[in-house]
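The whole structure should be built from the sequences, with the hints applied where relevant.
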Amino acid sequence: MNKIDHQLPDKGIEVHLNGEPHLLPFNCTVSALVRSLPVEPTAVAVERNRTIVPRSLHEKTILEPGDQIEVVTIVGGG
Amino acid sequence: MNRETTQESCTQPTPLQLGDRTFRSRLFVGTGKYSDAETMNAALEASGCEVVTIAIRRVDLKAGENLLTQLDRDRYFLLPNTAGCFNAEDAIRVCHLSRELGLGDWVKLEVLGDKKTLLPDPVGTLEACKTLVDEGFKVLVYSSDDPVLALRLQDAGATSVMPAGSPIGSGQGVLNPNSLSIIIEQLDVPVIIDAGVGTASDVTIAMELGAEGVLLNTGIAAAKDPIAMAHAMRHGLEAGWFAARAGRIPRRRYALASSPTEGVIGE
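Residue numbers (the numbering used here), protein chains in the order written: chain U, 1 to 78; chain E, 1 to 267.
I should point out that these hints are in silico values taken from the structure, not numbers from a laboratory.
A couple of the hints might just be wrong.
Below, simulated DSS-like cross-link-like pairs (lysine-lysine); rule was C-alpha separation at most 30 Å, straight line [claimed, not checked]:
1. E:115 with E:62
2. E:116 with E:224
3. U:11 with E:62
4. E:62 with E:116
5. U:60 with E:62
6. E:62 with E:130
Listing some non-contacts, in silico: residues in chain U with all C-beta distances to chain E over 12 Å [stated by the list, open to error]:
7. 13
8. 18
9. 26
10. 28
11. 32
12. 40
13. 59
14. 62
15. 64
16. 65
Treat the numbers as computed from the prediction; the structure is a model and nothing was measured.
Glycine included, each C-beta is placed from N, C-alpha and C at the ideal position.
Here you go:
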């Protein structure tokens, strides 16, 4: 898929977050994305395009149009 | 008399040694399916467990309640599972995310082969087990009750092999005691019976077969009174552990009187 397709000139960029299309402002970092979610930021792990973004790099990593992002946490399970 | 069960130690089972760790309880309890956090916490406490299993899932963007935010994490050893993974690659990915979440190297590996039975895919399970062991994970692996697969998983470096008593959540208890006892006899690593427990006697039967522990979730979480059932499971496990070491009597076809057969009046 052409990344240019996900550039939305006025609003920002479109990424896929947990399997759904998601709008982000330009130059959005992983940290900023995580802070915008309804979860304790320290309780998540993030994958970007199937590669883990270590917590130490969340602040530095700027998301790009078309990124496939997974943000996971722990839930009840057997 | 078995030294493990001399009178002084006849109060509770010995701790469970798994890899380089020791756990005070041999009952592992899942944290899924509870109606509310209060019930979950009370049931976990009543079960006496130290190890609780958890799952790793996408953050709910609609902010549904996550009961685990109310779990007292300091009290329990969290064992993340790879539930819901139907191939080795996804299961390995979940284990990497688990490490990134700060959950350490211990994982309960599940690679499922079929949505209806939730029985493991033996090929994918073995493949993922090998890779994860190479990457330094301590792998407690969910398995079918196939003794050959169990041996292969041990050879692959599993910390524990965990055959199902019966399908996950089915409540059918131990369906194949013969295969399970063969697995228990053959393996050097601890065998934990995982899945299928419906009630306390199922736990007892698993422990009487010689299992080192039992892992269950639905049997407690979906019981009408999860706290009472957790209490029962705890004691069921203790009963089975002691019985396994106490040396049961042989089965006989006919009766054998308990009272003296001589000196009965009127003879």
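Hints the structure violates: just list their numbers, smallest first.
-> 6, 8, 12
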